[in-house]
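Visitor: The chain contents come next:
Protein chains: 4
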Amino acid sequence: MTSSLTTLPARQFAGVVPPVATPLLPDGGIDHSSLERLVDYLIGAGVHGLFALGSTGETAYFTDDQRVEIARTIVSATAGRVPIIAGAIELTSARILETSRRLTATGVDAVVTTAPLYTLNSPAEITAHFRAIAAGIDVPLWAYDVPVRVHSKLSADLLLGLAVDGVIAGVKDSSGDDVGFRRLVAANAAAGHPVQLLTGHEVIVDAMALVGADGVVPGLANVEAAGYVRLWDATTRGDWEAARDEQERLNRVFEIVFQPTGLSGDATGVGAFKAAMKARGIIDHATMAFPTQPLDETAVDRIQNILASLDLLPDPVA
Amino acid sequence: MTSSLTTLPARQFAGVVPPVATPLLPDGGIDHSSLERLVDYLIGAGVHGLFALGSTGETAYFTDDQRVEIARTIVSATAGRVPIIAGAIELTSARILETSRRLTATGVDAVVTTAPLYTLNSPAEITAHFRAIAAGIDVPLWAYDVPVRVHSKLSADLLLGLAVDGVIAGVKDSSGDDVGFRRLVAANAAAGHPVQLLTGHEVIVDAMALVGADGVVPGLANVEAAGYVRLWDATTRGDWEAARDEQERLNRVFEIVFQPTGLSGDATGVGAFKAAMKARGIIDHATMAFPTQPLDETAVDRIQNILASLDLLPDPVA
Amino acid sequence: MTSSLTTLPARQFAGVVPPVATPLLPDGGIDHSSLERLVDYLIGAGVHGLFALGSTGETAYFTDDQRVEIARTIVSATAGRVPIIAGAIELTSARILETSRRLTATGVDAVVTTAPLYTLNSPAEITAHFRAIAAGIDVPLWAYDVPVRVHSKLSADLLLGLAVDGVIAGVKDSSGDDVGFRRLVAANAAAGHPVQLLTGHEVIVDAMALVGADGVVPGLANVEAAGYVRLWDATTRGDWEAARDEQERLNRVFEIVFQPTGLSGDATGVGAFKAAMKARGIIDHATMAFPTQPLDETAVDRIQNILASLDLLPDPVA
Amino acid sequence: MTSSLTTLPARQFAGVVPPVATPLLPDGGIDHSSLERLVDYLIGAGVHGLFALGSTGETAYFTDDQRVEIARTIVSATAGRVPIIAGAIELTSARILETSRRLTATGVDAVVTTAPLYTLNSPAEITAHFRAIAAGIDVPLWAYDVPVRVHSKLSADLLLGLAVDGVIAGVKDSSGDDVGFRRLVAANAAAGHPVQLLTGHEVIVDAMALVGADGVVPGLANVEAAGYVRLWDATTRGDWEAARDEQERLNRVFEIVFQPTGLSGDATGVGAFKAAMKARGIIDHATMAFPTQPLDETAVDRIQNILASLDLLPDPVA
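Chains as they are written, first to last, in this note's numbering: chain A, 1 to 318; chain B, 1 to 318; chain C, 1 to 318; chain D, 1 to 318.
It cannot be assumed that every hint is accurate.
Because identical chains cannot be distinguished in the list, a pair is counted as satisfied if it fits within a single copy or across any two copies.
Listed next, the in silico SDA-like pairs over lysine to any residue satisfying Cα-Cα at most 25 Å (straight line) [what the hints assert, rightly or not]:
| no. | residue 1 | residue 2 |
| --- | --- | --- |
| 1 | 153 | 265 |
| 2 | 153 | 252 |
| 3 | 153 | 241 |
| 4 | 278 | 312 |
| 5 | 278 | 148 |
| 6 | 153 | 105 |
| 7 | 153 | 297 |
| 8 | 153 | 290 |
| 9 | 278 | 191 |
| 10 | 153 | 293 |
By construction, these hints were calculated from the structure, which means they are not laboratory data.
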C-alpha cells in the first residue's frame, strides 16, 4: 500500500470521482496545460477523487508512454488533494500487469481493469485473472464492468467472491444491469461492505445513491462538475427530491451527447464532452484521439445552444 | 517493402498457412525447443507459409517481449523456407504500430491486425486505422476479420476499399459470413485480384477453395499438417471429390475440439490442439497460457481415442 | 373507449400493476379456481391494476382460446375493482389485431403489445405497426419494450412520437436501459405527460419511482403483493428511506429466482414464482406451461427456506 | 402420412426447393393470379419442390386465414407436380400445432417450424417442443434453423437427436454456421442419413453441395429459377467448375439485394426479389406485406439495370 497511515485504502474512493478527459493539442499530442486546468476545475468544484485513463479519458487510444505522461500530469496537478485511480486497459493479465506497474510508479493510488479482452474466457479464468493482477501490484485493484466494450459481464457472484477475499477494493459498474448491481450492493452490505461500489451511469446517480451506491464516475462532470457535487451532497443528507432536481438539470446538460449524428459511439460521447468543455473554457481544443472523427459544426452549434439555454456558457468578453 | 526484388509481396501467402501454436513449458515460459520442432513439422509437411502469433498461438496472452521471443524462434527455425506473417493484436492504431515494429524487426514478412478493440468506432474510423498502420510499417499489412473476438465485422465494402488502394495485401477471414466472403472474392476478382483472401475455417477448406479462397489458415494443421497439404493440392488440380474426402477425414480429427466440457472457448480449442500435439509427439507439454484452464483427464483420453481411431498416434515404444 | 365516464383512460394504470401468473392444473389446463384466488389475493393486497397475459403469465405458450379463457376469469374475478390490461403477444400487426379483438371482447380495459417478432423491421415500420394496431382496436394501446424477448429496442424517440400523437397510452419498460427510460420520463413530462410509464423491473421500484416512473409491473407481487403496495405508498408520500427498506426486504424474497440451476430462463423465473405461490397457499399447483421444465426438489426446498426465513410461509396446520 | 405409397416421405424434398414469394395486390390482398403464374414459372424451370410460407414468402405478416388461402393456391397450382412443404411460423408448440393443422388440411406434404419465439427455453425444452409438434400432425415435420430471426441456434447435437428418433424428416439450415452444418452432414451420414439437409444460403449452393447438402431453398429462384436447376444438375453430375460458374452468374443477379439503402432487412431482401420479379413479368405488383416499406425508384432502377446487364429482362414490346 502507498501509505502506512491509510488503514482503509479501499474506502478512499467514494462520492463523485470523475473520469478525467484527456485534452489534446490539434496535432494529437497531450495538452498538459489544459489537463492541469481540468484537474483544477474538477477539484475546485469539490469532487472527491479522480479516475484517470478511463474510457472518457480515451485511454485505449494511447500508448503506455502517453498514458504515463497523462498520469504524471494528473498526479502533479492534483498534488494529493484527492485520491486518484488509474485505468490499466490492456488485453490480458500479463500485459495489464506491465501497464499497471508503469502507472502505479507515477503515484496513483489505485488501479482499475477489466476482464480480458479479445480472448474467450470462463468465469473461473476471469477470477484467476483478477487475482494474479492484484497479487502483482502494490496498490488496491478495482474491477471495471463495462460489457459494451469488454463483451462479457462480471456477475455479482464473481465480484463478491473477489471482494470477500480482499482481491478487489471496489467496482466501477458501467453494465447497465440494475438487477445485478443491486444484488451486489445487498451482498456487499451483508458481507460487511468489503468493497466500494461506484456507478458509471451519470444520469441516474440519485436513484443509484438511493439504492446504495458508494459513489459515481460521471463523464459529464468534465463539463459541469459542481452539479454532481451538489447532487451527491443532497443524497448524503437524504434530501432525495433535491438530488432528483439536480440530476434532472444535469440530464438536460447530458442531452449534448445526442446532438452528433452519423458518428461512432466514441466520437459522439467524448466529442460532445470535449466540445462543451471547450465552449465553457475548461480546455483549449476539442481534438479527439486518432482515429476518432470530429463533430461537425451543426453538432457543435447545438451543443453550445444547450449550454447557453442552461446558462452554462461564459459571458462573452466585451 | 523488405526487398526490392519482391514484386508481389502480397501474393506470398497462399495455400496452407497454419497459425503456429505456441508450446509452453510447465511453468508458463516459452518452450523454444518444442516450437522449433513444431515449425519443422509444419514445413516438413509442405505448408506454404506460417501465421505466427494468431489466436491459436495464444498471442493475446503474451507480453510484447514474449511475442518477440516467439517470433524470433519461428523466424530462425523457418530459415526462409516459407514466408511468415505475424499477428499484432493490440487495442488501437498507435499501440498496434508499437507492437508491429517490434515484430517486423524479427524478420517476419508481413503483419496482420484487426479493427480496434475495446473502443466504439465507425467504418470510416476503422478504415483510417488500417491506413495509419499500413503507412507506419515497412512490410505488407493484412486485415484479420474475427467478429467473435473483435465484436465488429469488417464489411466486404470496407475491405475492398482498402484492397484497391493498396493499403492491405490480404485478408484472413474468420467471420463465418459466407455471403460476405464470397462477395469479397467476387469483388476482388473483378478488381484484378489486389489482395489474397485466406479463410480461417479449417473444416470447409474444400468448399472455400471451390468458392475462390486463395488459401487457408487451419489451426488443426498443428495436429495434422500433411492432410491440409494434400487437401489443398487436390483443390489446385481440380479434384474436388478427393479434396472433400481429405476434408472429411480431417473433420473427424477436428472432433477433438468437442471433447472438453465446461471449459472456456480458448481452453477448449487450443487445449484440444495442444493435447493432441503432445499425444502425437509434436510438442512436449500441453500447457496453455495463463489463465486458461487445463483439460481434464477424461477429455484428454477422448482426444487420444479419436487420434488412435484415425491411426494418428505414434507406435508405442516396445 | 369502453366507458363514456372514463375521461382519461390512459391514466387508469399507475402504481402497482402486477403481471398475473396463470395457475395451471397438473394436466396443463387452466386452473380457474386458483386464478380467481390469485386475483382476489392481489386486489385484496391493494394493487392498483392487473396486467393479464404478460410474460409472467406465460402468455406466449397459450392458444388464443386459452388466452380468452384466462382473460375472462381475470375479468370476472376482478369484477371492476381495478383496471385490467391484457398482453396481445403475436408476430405482426395483422395477427396482433386478431388476438387483441378477441381479448378486448372479454372486457379488458387496455391492450399491450410489442414490436413485431421474427421479422426484421425498421423504426419507421415499427411505428406504422403500432399505429395500425391502435387504429384497429377500441381500447387504449400500450407499448411493451422487452428486448430480451423481442430482440429489438423501442427507442425513447420512437415511443415519444407515438405518445404525443395519442397512438399509445402507456409504456411497459422491461428494457433495463436506464438512460433510455429516464430520457423518456423527461420527454414525457416536457410534453405534458401524454403517457403512463411503468417499469417492469421489480427490484428497483424505489429508484424508478424517484426517477419518475408512474408505476411498476412486478412479477414478484404474485408471491408478496402487500410489500409492493407498501413500497409504492411510501414513494407517493416521499418517504424514500421507507421505500428503500421495503424494496430491500422484497429483494430478499426475489432471491428465490436464483435458486434453480440448469434450467431455462422461463423455467427459472416463473418456476420460482409458482413454487413460492404454492408454498404460500396462493395457488394449488406449480405446473408450468409446456414445454417448460419443472424445478427440482432442491430448488423448491431452497425457495421454501427463503420464504420461511422471511416469515412468509403460512403456519403449519396443527 | 398423406399416401400409403410413399415409403420415404422424408426424402421427397431434395435439390432446388424455392421458398415461394407471396405476390400481393396493391391493396395488400393476396394476388392469386400472380401466385399461380409464379408456381408455374418455378415448376416450369424444373425445381424439385416448393417451400410455401417461408420468410421469403413473408409468412409472419399474414393471418392464418391468409396463410390457408396462400397454401391452397400453391397446392392447386402445383397439382401434384412437385412436393410442397409449408412453414408454420408461430410462437410456441400449442400455437404451432393449430397453424400446422390448418395448413396440412390444404394438402401440403410436410410442415416446417422453428424453435419457440419470444420465450426463453433450454435445449431440452426445444427438443420437447419439436417432439410434441411431430406427434400432433400427420405429415413429416422439418426443423428450420434461422438464428437471425429466432435468436437461438439449433445445435447439431439437438437436430441429430431428433433425426435419429424419427421426429424430424429434414432441416432447413439458414444459420450461416458452416461448422455446425458440416458436422450435421457428417453425423447424418454416419447415422444412415435419416434426414434431408437443405441449405438456405443461395449464394454458396455449389460449395454446400460439395459439402453434402441434399438441396437448397433459394429465395433468388423466384427471380431466376432455371439457373438454380442448372447449378444443381451440375453438382449431381460432379461438374463442380460448371456449378461454380453458374453460381457466380447467379451471385451477380443476387447483387440486386444490395441496391436498396436505408430500409429494413425484410424490405431490402423481399423488396429486391419482388421488384425483379415484376420487372421480369413473373408477378404483377411488387407490393410487400404491411408494414414493410417499399423500395424507392433509385433502388428499382438499379435492380433493373442489373437484370438488363445479365440479359434477364424481357424484350420490350414493339
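Visitor: It remains to establish, for every hint, whether it holds in the given structure.
Guide: Here is how each hint holds up against the structure:
In this assembly of identical chains, the alpha carbons of residue 153 and residue 265 lie at most 25 Å apart whether taken from the same copy (19 Å) or from different copies (16 Å). Only between protomers do residue 153 and residue 252 lie at most 25 Å apart by alpha-carbon distance; the minimum there is 23 Å, versus 30 Å within a single protomer. For the homomeric pair residue 153 and residue 241, neither the shortest alpha-carbon distance inside one copy (32 Å) nor that between copies (30 Å) is at most 25 Å. In this homomeric assembly, residue 278 and residue 312 come within 25 Å of each other (Cα to Cα) only inside a single copy, at 12 Å, whereas the closest approach across copies is 58 Å.
With identical chains, the CA atoms of residue 278 and residue 148 are never at most 25 Å apart, being 27 Å at best within one copy and 38 Å at best between copies. With identical chains, the CA atoms of residue 153 and residue 105 are never at most 25 Å apart, being 30 Å at best within one copy and 38 Å at best between copies. Neither within a single protomer nor between protomers do residue 153 and residue 297 lie at most 25 Å apart by alpha-carbon distance, with minima of 37 Å and 30 Å respectively. With identical chains, the CA atoms of residue 153 and residue 290 are at most 25 Å apart between copies only, with a shortest distance of 20 Å across copies and 28 Å within one.
Within a single copy, residue 278 and residue 191 get their C-alpha atoms no closer than 44 Å, and across copies no closer than 31 Å, so neither meets the 25 Å cut-off. In the homo-oligomer, the alpha carbons of residue 153 and residue 293 lie at most 25 Å apart only across protomers (19 Å), although the nearest pairing inside one protomer, at 29 Å, exceeds that limit.
Consistency with the previously given hints fails for numbers 3, 5, 6, 7, 9, ordered from lowest to highest.
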